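These are the residues of each chain, in order.
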Amino acid sequence: MALSQSEVLAGLAEIVNEETGIATEAVQLDKSFTDDLDIDSISMMTIVVNAEDKFGVKIPDEEVKNLITVGDAVNFITAAQG
Amino acid sequence: MTQPVLKQYSPVKFSRIYALGAARGDLTVTNDDIAGPIDSSDEWIRQRTGIITRRRASAERSLMDMAVEASTEAIKAAGIDPSEIGAVLFSTITHPHQTPSAAALLADKIGANPAPAFDISAACAGYCYGIAQADALVRSGMAKYVLVVGGEKLSDFIDPTDRTISFLLGDGAGAAIVGPSDTPGISPTVWGSDGSHWDAVGMTASLLELRDGTSSWPTLRQEGLTVFKWAVWEMVKVAKQALEAAGVTADDLSAIVTHQANIRIIDELAKQLGVPEHVVVARDIIVTGNTSAASVPLAMHQLLKDGDVKSGGLALQIGFGAGLAFGAQVVVLP
Chain A
1 MALSQSEVLA
11 GLAEIVNEET
21 GIATEAVQLD
31 KSFTDDLDID
41 SISMMTIVVN
51 AEDKFGVKIP
61 DEEVKNLITV
71 GDAVNFITAA
81 QG
Chain B
1 MTQPVLKQYS
11 PVKFSRIYAL
21 GAARGDLTVT
31 NDDIAGPIDS
41 SDEWIRQRTG
51 IITRRRASAE
61 RSLMDMAVEA
71 STEAIKAAGI
81 DPSEIGAVLF
91 STITHPHQTP
101 SAAALLADKI
111 GANPAPAFDI
121 SAACAGYCYG
131 IAQADALVRS
141 GMAKYVLVVG
151 GEKLSDFIDP
161 TDRTISFLLG
171 DGAGAAIVGP
181 SDTPGISPTV
191 WGSDGSHWDA
201 VGMTASLLEL
211 RDGTSSWPTL
221 RQEGLTVFKW
231 AVWEMVKVAK
241 QALEAAGVTA
251 DDLSAIVTHQ
261 ANIRIIDELA
271 KQLGVPEHVV
281 VARDIIVTGN
291 TSAASVPLAM
301 HQLLKDGDVK
311 SGGLALQIGF
321 GAGLAFGAQV
331 VVLP
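In the order they appear, the protein sequences are chains A and B.
Using the working numbering, you'd call the opening residue of the first sequence number 1 and step up by one each time.
Using the working numbering, you'd call the opening residue of the second sequence number 1 and step up by one each time.
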């Protein structure tokens, strides 16, 4: 069954925390991965691969650059779940 | 009239690496030396690549100079005469002649003339491709000893303003002598290629475009994130397959020597593979940079030289890069 937006956010926050050590509470929809969370492109790719695995979705490499905020990623994953 | 029965090579059962040799660029290039043209900093480069310095060769030190130096060391350490070498395999993407091969010249320079000699174009997987072929040549009985060299002068093919790969790159050559053995010394190789990602790492232009004036001097470039993703998550699968093919587990290893592409790739690969603490993970990239086909033998040579691993231990070596090409095998450390 497809997860809700808040469930995807919670799952994504755990992945971000594991990769970067950033507190899960800090991973909010309006936060920018680069500017607010200081996540570099290589860590971002690791987060993407772990998210693909966790949520069973495919995030194309060319799509990653469009995922500016946590909300962008949550929305993409939620939609991709079908 | 009875047709005679053909003779074929008499195979030998096992092969192993007898010895390694190494040569690096004569210049130590710091991050500060190269940060300007890419609008970067020492801190940014260290964080994203792990590199503190890379070794590059001056104009006076050629790819062939480094290959001869590394080969000479390996031959001497193996205790063989160069005339006993039955094949010379040179993995490189930076030999500046389309033809003849770098290997033929190298064979002559080290005293292995008239050994069969040819180049391998498999970029950062080239050394592991070479070991695979040397293993096959030795065990088939086609050659008693094979010299495998991974060597690059990448600094001839970089763009100082390129932020994708140039700042990672260094120069060097690593050499190995492979020969017959009483016990298994080189596991089956897990190797392959994926040309559907042919454009992910390569040159900015072809030589024809240079000739036609539609391009300047071709230099190396890559789609870093695509390569990172492939190099970690696909190569973890290859590494596991290589361990399985060898009949060992990560616990049995003394070391993991990956292509020294980027410390982030090396660390993530080790993490995904679940490398036990007692296994040494080669991180020669920190002081040498990414030397493509040379990086695996250079890193392994350094581990042995520093006493981080002992002769007789097992090492998983894995190369991966442009092609996309990959090769992995478990070897007994010389």
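Some clues are possibly wrong.
Part of the chain A face toward chain B, derived, beta carbon under 8 Å [said to hold, decoys possible]:
#: 1; residue: L29
#: 2; residue: D30
#: 3; residue: D40
#: 4; residue: S41
#: 5; residue: M45
#: 6; residue: T46
#: 7; residue: V64
Pairwise CB distance ranges, derived in the manner of DEER restraints [claimed, not checked]:
#: 8; chain 1: B; residue 1: V248; chain 2: A; residue 2: G56; range: 46 to 56 Å
#: 9; chain 1: B; residue 1: E234; chain 2: A; residue 2: N17; range: 36 to 46 Å
#: 10; chain 1: B; residue 1: S62; chain 2: A; residue 2: P60; range: 21 to 31 Å
#: 11; chain 1: B; residue 1: I52; chain 2: A; residue 2: G56; range: 32 to 42 Å
#: 12; chain 1: A; residue 1: V57; chain 2: B; residue 2: P37; range: 33 to 43 Å
#: 13; chain 1: B; residue 1: D108; chain 2: A; residue 2: N66; range: 53 to 63 Å
#: 14; chain 1: A; residue 1: E25; chain 2: B; residue 2: L27; range: 23 to 33 Å
Since the hints were derived computationally from the structure, they do not count as laboratory data.
None of the values given here were measured: they were computed from a predicted structure.
Glycine included, each C-beta is placed from N, C-alpha and C at the ideal position.
Hints not upheld, ascending by number: Numbers 1, 2, 8, 9, 10 and 14, in rising order.
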